[in-house]
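There are 2 protein chains.
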Amino acid sequence: MSRVGIRDAYKALHAAFTAVSHINHAVSMLEWDAMAMMPPGAADARGDAKAALQTMSHERLTDVKVGHHLSVIAASSGEDVSTELSFEERANVREMRRTYDLATKLTPEFVTRQSVTVSKAEQAWRSMRKANDWASFAPHVKAVVDLAREEAEQLRAGRESELTLYETLLDKYEPGLKEHDLDNLFARLVGWIPARIKEVTASQAASPVPLPDFTTVRFPISQQAALGQRMAGDVLKFDFNQGRIDVSAHPFCGGVPTDVRLTTRYDERDFTQSLMGVVHEGGHGLYEQNRPRAWLTQPASAPRSMGIHESQSLLHEMYIGRSSPFLKLVSRMAIDSFPEAAAALEAQKPPGRPSALAPESLRRVYHAVKPGKIRVDADELCYPLHVYLRYDIERRLLSGTLDVADIPAEWDRKMRELLGVDTAGDFKDGPMQDIHWPLGLIGYFPTYTMGAAYAAQLFHAIRRDLGDATVDAAMEAGELGDIATWLRERVWSKGSMLSTADLLKSATGEGFNPAYYEAHLRTRYQP
Amino acid sequence: MSRVGIRDAYKALHAAFTAVSHINHAVSMLEWDAMAMMPPGAADARGDAKAALQTMSHERLTDVKVGHHLSVIAASSGEDVSTELSFEERANVREMRRTYDLATKLTPEFVTRQSVTVSKAEQAWRSMRKANDWASFAPHVKAVVDLAREEAEQLRAGRESELTLYETLLDKYEPGLKEHDLDNLFARLVGWIPARIKEVTASQAASPVPLPDFTTVRFPISQQAALGQRMAGDVLKFDFNQGRIDVSAHPFCGGVPTDVRLTTRYDERDFTQSLMGVVHEGGHGLYEQNRPRAWLTQPASAPRSMGIHESQSLLHEMYIGRSSPFLKLVSRMAIDSFPEAAAALEAQKPPGRPSALAPESLRRVYHAVKPGKIRVDADELCYPLHVYLRYDIERRLLSGTLDVADIPAEWDRKMRELLGVDTAGDFKDGPMQDIHWPLGLIGYFPTYTMGAAYAAQLFHAIRRDLGDATVDAAMEAGELGDIATWLRERVWSKGSMLSTADLLKSATGEGFNPAYYEAHLRTRYQP
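Which chain is which? The protein sequence lines are Y and C, in order. By our numbering, the letter at position 517 of the first sequence is numbered 517, and the numbering carries on one by one without gaps. By our numbering, the letter at position 12 of the second sequence is numbered 12, and the numbering carries on one by one without gaps.
One or more hints might be untrue.
Any copy will do: because identical chains look the same in the list, a pair fits if it lies in one copy or spans two.
Only pairs whose alpha carbons sit at most 30 Å apart, straight line, appear in this in silico DSS-like list of lysine-lysine [unchecked claim]:
{"#": "1", "residue 1": "K349", "residue 2": "K328"}
{"#": "2", "residue 1": "K11", "residue 2": "K120"}
{"#": "3", "residue 1": "K237", "residue 2": "K50"}
{"#": "4", "residue 1": "K65", "residue 2": "K50"}
{"#": "5", "residue 1": "K178", "residue 2": "K105"}
{"#": "6", "residue 1": "K50", "residue 2": "K11"}
{"#": "7", "residue 1": "K373", "residue 2": "K178"}
What the hints contain is simulated information worked out from the structure, not anything from laboratory work.
Modelling step: build the complete structure from the supplied sequences, incorporating the hints.
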């Protein structure tokens, strides 16, 4: 193929993906609206409109011309492609191909069947979860697992590398992730965390100073919202000229890079959750706002992976937000933001005790360890065990070494073993607690813990490059400029230009290394 | 053409217009978001995405297949069409044809040129209006008028009826409206209102009791918002399960019929504007929420015209909202909603004066007449003169009997004559005050006064059918159910099934008759 052919094909692809991105822009905003604004009675018509837009987006993406232009470039010599296309353009073509393959490898018959099955499973889940009815729900899980296996087989067809079925699903969310990566990661965690949880909870329970009791006062929602705005805008430098914070039942980061919509939720009796929620979603938001600007309509600008996205929220929440230096800043900001509550807490305080809003008190709140049934409520130390449990079940379901019927027994056994929690008979807050399986998102859970581990590795490199003293002083002062610059240059601005492995290597000097995550947990959670 | 052909063509058209409606759903929500939520830095990318969706919508609407299916039905015998399609389906085809013609009669070259010219004119208007720079702005008005003439010529081509160029433009917003309708309407108003304004303002100024001064107290925005929710939900029966009220710089009614998004704006020193704003937008919202449900994806469900839409907001604002019985309800609700302000106003009140929130005081506020330069701030009596001024200029520009260069002189002369207001040299708040001309919306202004006149005719019929005593009692009690049922059955649920003339005839028993509007103004505004 001539070089002119390569350039023309690239131009046509660029235009096609731009059109797709415009439709996806609308879909993103409609999704944000549905979670944050839409009244309940609007759901049906909105669902129809959104589905129609998604079909249009899919039609444009899977247009035969897109396939043709991709083949033109694929059939060209590597030398011609390198001459004709820049590094970024070649990365863009690679991500276009990946997006196109994910959209076209599944047969239309399968996509329809999957959509129907998943829709039924989700509907069933909403009612059966409430009723704690595993027996009725199990056939839906079975159907979803069978579909996932079929999906993996179709996606794997014609790929050169040897992937397990489960790895083919992992690859949708975390390109390149292998089971042995996850095995290495969890091998570093599962052995010692269960015992450590017992030690830490015992020592926290034995403390002569109880945790601060915020429920005796009120943190007005307007004051919490103002604090969240200050935290996101003044401290994290989330750009409110291209973003907002609103309220939704489940906090998330949505919208588009030029208009990032964060959400949080408020509890008048506890500001600590909504505040750290803003820091968490703010980390996602910074990643979105700093994606490569010139490429925003193109796949090359997409976030690298679910795990890398989560690494940015967790780096901000766990490594900056819950660090001792940063909690000094949080203490100052909280006292300033909640004058009435601060005064009331101070008045209630027995003599000799630290103030409820003192850094030391906040540290105890934010580092409390409390094993429980629910993943989304889990603390930092317990969280990876929840993920491990799901990962282990998923891959055995996929490889055929675990039956759906045996999930509850396996769940109960592992929850006891790992977290010392009794879940027997509680399907609702057991294997039915998450929406992922009914939505068909098998292979997604591990990205949460990969994100935590990426965050540890990145933050270790930040400390190494900027120096511990500088980083600690910056966190205490709430002046995160240098940390942000580091992340912007090495992660945010890269979009999907590099593979995850190359991204980590160029940012930190080494490939994925779960040792930093283990070290972080061992250091922070000591009996 | 066989009957099967008619049915198949209809089915295909139904599907095509459904697809268009799904895209338009997204565009509507994006437009609401841009006005009510979007941060300023998001405008460029949002503009690109919205333009792309509008192009897709236009492509689907103007697909040759749509034209073909419409021709199939048009070429069939009227008898076959009547046998095969229901009354509603035939109305739907008529509206499809109208929509298709408006989208296809203009040449692509013209559409592009128009879009560029209008975009330049709007940009110029934003800066030049601020600078009061008519000389620089005039060439843009000239360009827009030239385009409007060209547009009218293209739209008129091949139509059987004899329309003036200006009527062809009117027809875009108010199908079937003729210049002589407007001449009849304004002939009833322009003769006496200027003198009446002088008499009424003199008598209002001579009143021994001054207007209540609300600026000495505060009406907290949260209390105003709660009052607005009660007014819209409890009184007007706006359905909050399929709608919301938010804040925007310019109040409007947006969204889609299953999710109507009203907006208002608040002034802590004056609740009367935001409250009546909610009643006004609520009238638009009721029309939207009650469009024929089974037809929402189809042109037959569309609001009949801009004037009929405005008639619903004005019927609620002017005929219900500002009526003496309803202001008794408003008084009760205001005293209940603003306890601190009510108490403070009561404490300030000189003895013997009526309470500032008493019905009589509110009536004086809501019926105050005060001629001014700005159309959107005009009271009910002055408003039609502002529209008449613009109508008269527009049609003379179109017929070539007025030059753009002569607009300011004409403006000043008429403003003096009609409203007694001196606008000499003030272009900013003179002929440059409205966005309509820079946007190319020539022929739109008259729909405001048509709406006011339709509202008068409809409300007269409501009073006739339900009885004056019943209507007054319903308004005083805030129980508008019977009035809503009347409007739902005769107007809202009709969508575009009937022509405006037939809609008025079936609802009120006669064709358009501006006498009711004149009578209303003469009665309400007496010296």
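Comparing the hints with the structure gives:
1. Taking the shortest alpha-carbon separations for K349 and K328, only the intra-copy value of 19 Å comes in at or below 30 Å, while the best inter-copy value is 53 Å.
2. Taking CA atoms no more than 30 Å apart as the test, K11 paired with K120 passes between copies only; the shortest distance there is 29 Å, against 41 Å inside one copy.
3. Taking the shortest alpha-carbon separations for K237 and K50, only the inter-copy value of 28 Å comes in at or below 30 Å, while the best intra-copy value is 32 Å.
4. When the C-alpha separation of K65 and K50 is checked against a cutoff of 30 Å, the pair qualifies both within a copy, at 25 Å, and between copies, at 24 Å.
5. Taking identical chains as interchangeable, the C-alpha atoms of K178 and K105 lie at most 30 Å apart only when both belong to the same chain, with a minimum of 21 Å there against 58 Å between chains.
6. Taking CA atoms no more than 30 Å apart as the test, K50 paired with K11 passes in both settings, with 28 Å inside one copy and 22 Å between copies.
7. For a Cα distance limit of 30 Å, the shortest separation of K373 from K178 inside one copy, 28 Å, qualifies, whereas the shortest one across copies, 71 Å, does not.
Violated hints are absent here; each numbered hint is respected by the structure.
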